[in-house]
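Given chain A, put chain B in place with the hints provided.
So the protein lines, in turn, are chains A and B.
For the first sequence, our numbering gives the first residue as 1, with consecutive numbering after it.
For the second sequence, our numbering gives the first residue as 1001, with consecutive numbering after it.
No wet-lab data here; the hints were simulated from the structure.
A couple of the hints might just be wrong.
Each computed DSS-like pair below joins lysine-lysine, with the alpha-carbon atoms no more than 30 Å apart [as the list claims (entries may be wrong)]:
hint	chain 1	residue 1	chain 2	residue 2
1	B	1271	A	22
2	A	121	B	1237
3	A	82	B	1214
4	B	1196	A	121
5	A	17	B	1271
6	A	22	A	110
7	B	1145	B	1035
8	A	17	B	1296
9	B	1042	B	1014
10	B	1035	B	1237
Simulated coverage check for chain A against chain B, where a stretch passes if three residues somewhere in it have a Cβ under 8 Å from a Cβ of chain B [stated by the list, open to error]:
hint	segment
11	39-53
12	132-144
Sample of chain A residues lacking proximity to chain B, with all beta carbon distances greater than 10 Å (derived) [said to hold, decoys possible]:
hint	residue
13	59
14	108
15	129
The structure displayed is predicted, hence computed values, not measured ones.
In this text, a Cβ means the ideal position worked out from N, Cα and C, and glycines have one as well.
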Amino acid sequence: MEDNTRNARYNAYVESKMAKTKPWPSLFRAFWVGGLICILGEVIKDCAILWFGVEEEAAGTWELMILIVLAAFLTGVGIFDKIGAYAGAGTIVPITGFSNSIASPAIEFKREGVIFGLMAKMFVIAGPVIVSGVCASVLVGLIHILL
Amino acid sequence: MNKIGKQTLLYKNKPCLLGGYAVVGPKEGQGNFGKYFQTVLKDDLFGENSYEAAESKMMQTSFYGAVDDAGIRNVDVDVFVAGDLMNQIVSSSFAARSFDVPYLGMFGACSTMAESMLVGAALVDGGFARIVACATASHFSSVEKQFRYPLELGTQRPPTSQWTVTAAGCSILSEHGSNIIVESSTIGKVVDWDVKDVNNMGAAMAPAAVETLKAHLSDMGRSPDEYDLILTGDLGKLGSEILFDLAEYNGIKLGNNYCDCGQMMYTNEQKTFMGGSGCGCIASVINSYVLSRMRKGELRNVLLIATGALMSTTSSQQGNSIPCIAHAVVLKRRD
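The following block holds chain A by itself, in its conformation from the complex:
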C-alpha cells in the first residue's frame, strides 16, 4: 500500500518534470505538409483527366497509385522518414503514410528472407489498419442491408 502511494507520487512528479510535445507547432507542420500532399494528389488527378483523358473515377485510382509509389520510393531512398519526423500526422494520415508503413518493414526485414522476412513482416504496422478497415466496412455493409 505504501509502495502504491510512493509510485503514484513518483509518476506524478515525473509527469510534471518531463518535456511535452508542443501541440501548436506540431499541428501547423502536419497541416501544411499534409495539405501539400493533398494538393499534389489533386494535381495528379486533374492532369490525368485533362491530359490523358481518363475518367474521373479512374483518375482517382491514378492519384492513389502515383502517391503510393512515390512514398514507397522516398522510403526506399531514406527521405520519407525525415519528412515524417518533421510533419508527423501530416504524412501518416494521407495514403503516403500507409505506403511508408508497408515499405519500411519490408526493407527492414528483407534480410530475414523473402517469405518469413519481407512478406510476413510487411504488414506488422499496416496490419491493424487493414483489419479495422475490413471490419468497419463489414459493419457499414450490415447496417446498409438492415436499412
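Positioned in the frame of chain A, the structure of chain B alone reads:
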C-alpha cells in the same frame, strides 16, 4: 569475507583494469566523447550484411583492441564475460565464437557492463581467473528493429526518448599489471516504481540508480564527494535530473562530480532529445574517456553506476511496468 554491508563486494586482491578499447558509430564519433574513442566507424554497417552482424563485429573489434591495449594475447584471456541487448544475447555469443576463450553470457540490459566487470573482478579476485575480458555492445539500428519501429518509418520520436548508442567497449581485468584497480562493486536490486512509458527510460531507471547509490555509499561508509567522478550509464537528461532530486530526497548531495554518459554522449545539435542509451553507452565511455583520464592521473577515484531497464516488448505490450536495475563498480588509481 569480502562482502561489506548488504550488497557490496570489496576486492581484497585488487584486480586491476589492464586495458580497454571502444568502437563507436559515426554519430557517436561526432559527439562529445568523439576524440577519446579509439575507433570511430565510417559506416555503421561495418562491412556486414546486417546491423546485428555489425554489432557483433564491433564487439569482436573491441575485444581485439583491448587485448592489444593490455599487451596480452587472445589466449591469455581466461574468461570472456559479455552481454548485449539482442534477444538471447546473440551479438556477444556470436562474437565469442571466434575467440576460443571460455565465455559467460550476461544480461542486465544497459547495466550489463557493470555486471560483467563486477563478475569479472570477482573471478580474478577469487583466483578463478588470471585475466578476464568484459564487454558489451549496442547498435542503434538493431535495437530500433527489435524494440521499436523500422528505421524508415516516418514517425516522430517523443521528447522524452533517447537515442540508442552504436558502440562497443571491452575491458581487460587482470591480477596485476596496472595501477588502476577495481576496488569494489555493489550489486543492485530490481526496482520498479511503476513507470510504464517505454519512451521514458530515464524516469524508469532513476529509482534503481538511487537505490544502488544509497546502498553503495552506506555499505562503504562514504559520501559522494569522495569520488572524483560519479558516472551513470544512460539515464539521459531527464533521468539524471530525477536522480539528482531523488538523491537529495534521500539525503545524498550530488555535486559537480556527477555526470551521465547518455546525457553527455551527443551534442545538442545532434537532436537526440534526452541523450544516448544502450549498454554500449557506458562501456565505450569507461574504456576510452575514463580509462585515458585515469591513466593520466586526472581521475583517481571513479564510481560507475550502470542502469538497465529489464522489460521486453512482450511485457510492455501486456501492460507491465518497467523493472530496472543498477550495478555499481568503483575504479581507483593506486599509487
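Here is what the structure says about each hint:
{"no.": "1", "hint": "B/1271 <-> A/22", "verdict": "holds (16 Å)"}
{"no.": "2", "hint": "A/121 <-> B/1237", "verdict": "violated (34 Å)"}
{"no.": "3", "hint": "A/82 <-> B/1214", "verdict": "violated (43 Å)"}
{"no.": "4", "hint": "B/1196 <-> A/121", "verdict": "holds (26 Å)"}
{"no.": "5", "hint": "A/17 <-> B/1271", "verdict": "holds (19 Å)"}
{"no.": "6", "hint": "A/22 <-> A/110", "verdict": "violated (36 Å)"}
{"no.": "7", "hint": "B/1145 <-> B/1035", "verdict": "holds (29 Å)"}
{"no.": "8", "hint": "A/17 <-> B/1296", "verdict": "violated (39 Å)"}
{"no.": "9", "hint": "B/1042 <-> B/1014", "verdict": "violated (38 Å)"}
{"no.": "10", "hint": "B/1035 <-> B/1237", "verdict": "holds (22 Å)"}
{"no.": "11", "hint": "39-53", "verdict": "violated (count 0)"}
{"no.": "12", "hint": "132-144", "verdict": "violated (count 0)"}
{"no.": "13", "hint": "59", "verdict": "holds (26 Å)"}
{"no.": "14", "hint": "108", "verdict": "violated (4 Å)"}
{"no.": "15", "hint": "129", "verdict": "holds (13 Å)"}
The structure is inconsistent with the numbered hints 2, 3, 6, 8, 9, 11, 12, 14, although it conforms to all the rest.
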